[in-house]
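Novice: The residues making up each chain are set out below.
Number of protein chains: 2
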Amino acid sequence: MRPVLIGIDGGGSGSRAACLLPDGHRTEVTGGPANVSLREEALNNIKALLVALCTKAGLQREQLAEAKCHIGLAGVLEDQGAKDIAVALGLPKATMSDDQITTITGALADGDGIVVAIGTGSFLGRKQGEHIRRIGGWGLALGDEASGAWMGRRALSLALKSCDGLAPVTAFARRILDRFDGAAGVVRFSLRAAPSDYAALAPEILQAAGQGDDMALSILRDGVGYLQAGIAVLDDTGTCPVCLAGGLGPHYAGFLPHDLKERLIPAAGTALDGALLMAARNAEFDP
Amino acid sequence: MRPVLIGIDGGGSGSRAACLLPDGHRTEVTGGPANVSLREEALNNIKALLVALCTKAGLQREQLAEAKCHIGLAGVLEDQGAKDIAVALGLPKATMSDDQITTITGALADGDGIVVAIGTGSFLGRKQGEHIRRIGGWGLALGDEASGAWMGRRALSLALKSCDGLAPVTAFARRILDRFDGAAGVVRFSLRAAPSDYAALAPEILQAAGQGDDMALSILRDGVGYLQAGIAVLDDTGTCPVCLAGGLGPHYAGFLPHDLKERLIPAAGTALDGALLMAARNAEFDP
Numbered sequence: 001m002r003p004v005l006i007g008i009d010g011g012g013s014g015s016r017a018a019c020l021l022p023d024g025h026r027t028e029v030t031g032g033p034a035n036v037s038l039r040e041e042a043l044n045n046i047k048a049l050l051v052a053l054c055t056k057a058g059l060q061r062e063q064l065a066e067a068k069c070h071i072g073l074a075g076v077l078e079d080q081g082a083k084d085i086a087v088a089l090g091l092p093k094a095t096m097s098d099d100q101i102t103t104i105t106g107a108l109a110d111g112d113g114i115v116v117a118i119g120t121g122s123f124l125g126r127k128q129g130e131h132i133r134r135i136g137g138w139g140l141a142l143g144d145e146a147s148g149a150w151m152g153r154r155a156l157s158l159a160l161k162s163c164d165g166l167a168p169v170t171a172f173a174r175r176i177l178d179r180f181d182g183a184a185g186v187v188r189f190s191l192r193a194a195p196s197d198y199a200a201l202a203p204e205i206l207q208a209a210g211q212g213d214d215m216a217l218s219i220l221r222d223g224v225g226y227l228q229a230g231i232a233v234l235d236d237t238g239t240c241p242v243c244l245a246g247g248l249g250p251h252y253a254g255f256l257p258h259d260l261k262e263r264l265i266p267a268a269g270t271a272l273d274g275a276l277l278m279a280a281r282n283a284e285f286d287p
Numbered sequence: 001m002r003p004v005l006i007g008i009d010g011g012g013s014g015s016r017a018a019c020l021l022p023d024g025h026r027t028e029v030t031g032g033p034a035n036v037s038l039r040e041e042a043l044n045n046i047k048a049l050l051v052a053l054c055t056k057a058g059l060q061r062e063q064l065a066e067a068k069c070h071i072g073l074a075g076v077l078e079d080q081g082a083k084d085i086a087v088a089l090g091l092p093k094a095t096m097s098d099d100q101i102t103t104i105t106g107a108l109a110d111g112d113g114i115v116v117a118i119g120t121g122s123f124l125g126r127k128q129g130e131h132i133r134r135i136g137g138w139g140l141a142l143g144d145e146a147s148g149a150w151m152g153r154r155a156l157s158l159a160l161k162s163c164d165g166l167a168p169v170t171a172f173a174r175r176i177l178d179r180f181d182g183a184a185g186v187v188r189f190s191l192r193a194a195p196s197d198y199a200a201l202a203p204e205i206l207q208a209a210g211q212g213d214d215m216a217l218s219i220l221r222d223g224v225g226y227l228q229a230g231i232a233v234l235d236d237t238g239t240c241p242v243c244l245a246g247g248l249g250p251h252y253a254g255f256l257p258h259d260l261k262e263r264l265i266p267a268a269g270t271a272l273d274g275a276l277l278m279a280a281r282n283a284e285f286d287p
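Quick mapping for you: the protein sequence lines, in order, are chains B and W.
The opening residue of the first sequence carries number 1 in the working numbering; numbering runs sequentially from there.
The opening residue of the second sequence carries number 1 in the working numbering; numbering runs sequentially from there.
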């Protein structure tokens, strides 16, 4: 009999789980943050997620223990105790990876290509068969170029530079300064801002860039420059298909140069789909 | 009779006080951090500083109360209660400013010119008689280009980019990666690093740049580019004298282009000298 498949996608801002029954019925639930660096919180949130999933899918406890499961967790590579986590969750046979692997697998499914994942953070990955090479994903303090957090921080930085006479005073720069009650308010905000706080500005930056605002456009141009350089490192032939993933990835499409735009392929699925796919593969390889 | 003059320079990493007696005798003491945003700590540290100063200079309590005093404090412009601070310190007649003003006054004394102040943070200021115009000083999250903290953060960021194939793998990049036990160690450091932690790398970056390391040189070049742009905004004639101040400022001299190097003038004094000078001016204007 085909097994029950379970996929879990746990990230710093929330987690999702999906269950695929042998009859093809799929159930999804969402829950709280699950970053391995906050281990207790992550464990508790994923346990709650599994309870919710079983209830919604009508799954018995013994079915859960026998299910084929893959868990993609932010930061799991840093943690030597991935196996411990699986055991603590009552899923001793579950396989685990970081959420970048499930994102790449979800986006490309069985195909090969480059995934440009842009949400609050960013990374690039190239998949060739079983081999995956990654670039970036180092976090906002030192990297995450082109990401939502990077875009937001850059917008505030450029707004301050416009006060100094070192950047153009565009309509968008004025709007930001007004919103934060001037330069001093922007600086106050920056003293406590988390990446997600900066990323909250991204939709407005994309909108302003779409309307032709020079400051917003310069942010997008720099972001695209980073993505181009990263794509070139991953594939110097300039022919590999490119998939824009993550909450913001697809929004970059309109700002890419023509040759890159022609290489775009749609994402096959999300990181959660990737986790389910990896659970299915584990099932096939099982003796 | 000429009054006793007292100058105080309070910053985020430490504070200094100086007293100039009518006979020309000068006494200096140093103490703990004094940033207005941590008001209680700042008050306590400056009170301790004043006690130490009186003891060392042989100053009586009544002489202190009658002294002419100027206090330069980091962040004081944000604080509406500057007068309250002076009263709380038992120096109700003291004048106050932020520490950028005392830095500029110390560096240029009675002269005019541009001050480029580079320590853990950075700012630029131009003084023309009584008028001072400033650029930068917004903090590391959104600015402080060319500063020690900015240099250190950039070095770590470039070291990670060298792992990604997006920056040259220089000897200095390898040294940094070894020191932090690889890319993951660099990222871990960045999650908790304060500006002063990044700035601690600055001396080594300057040394590597002096030895011709491409990565270190690229950091200095970008820093110089920012300083050049700022200087051009403050003086478009390209003739105004420029003074490199702060702990790192003078170290930039060797990396400046020839035309800018020719405009350099030595700093007349420190921010503490600036505070004493402002106290002396207050004394002269007193009825």
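Just so you know, the hints here were simulated from the structure itself, not pulled from any lab data.
A hint or two may mislead.
For chains that are exact copies, the list does not tell them apart, and a pair is met inside one copy or across any two.
In silico SDA-like pairs for lysine to any residue, Cα to Cα no more than 25 Å straight-line [what the hints assert, rightly or not]: (1) Lys-93 with Asp-110; (2) Lys-56 with Thr-170; (3) Lys-93 with Arg-2; (4) Lys-93 with Leu-43; (5) Lys-261 with Gln-211; (6) Lys-83 with Pro-241; (7) Lys-47 with Gly-14.
Novice: So, for every hint listed, does it hold in this structure?
Specialist: Evaluated hints:
no. : hint                 : verdict
1   : Lys-93 with Asp-110  : within (23 Å within a copy, 76 Å between copies)
2   : Lys-56 with Thr-170  : neither (50 Å within a copy, 55 Å between copies)
3   : Lys-93 with Arg-2    : within (16 Å within a copy, 85 Å between copies)
4   : Lys-93 with Leu-43   : within (16 Å within a copy, 59 Å between copies)
5   : Lys-261 with Gln-211 : within (20 Å within a copy, 43 Å between copies)
6   : Lys-83 with Pro-241  : neither (34 Å within a copy, 64 Å between copies)
7   : Lys-47 with Gly-14   : within (13 Å within a copy, 48 Å between copies)
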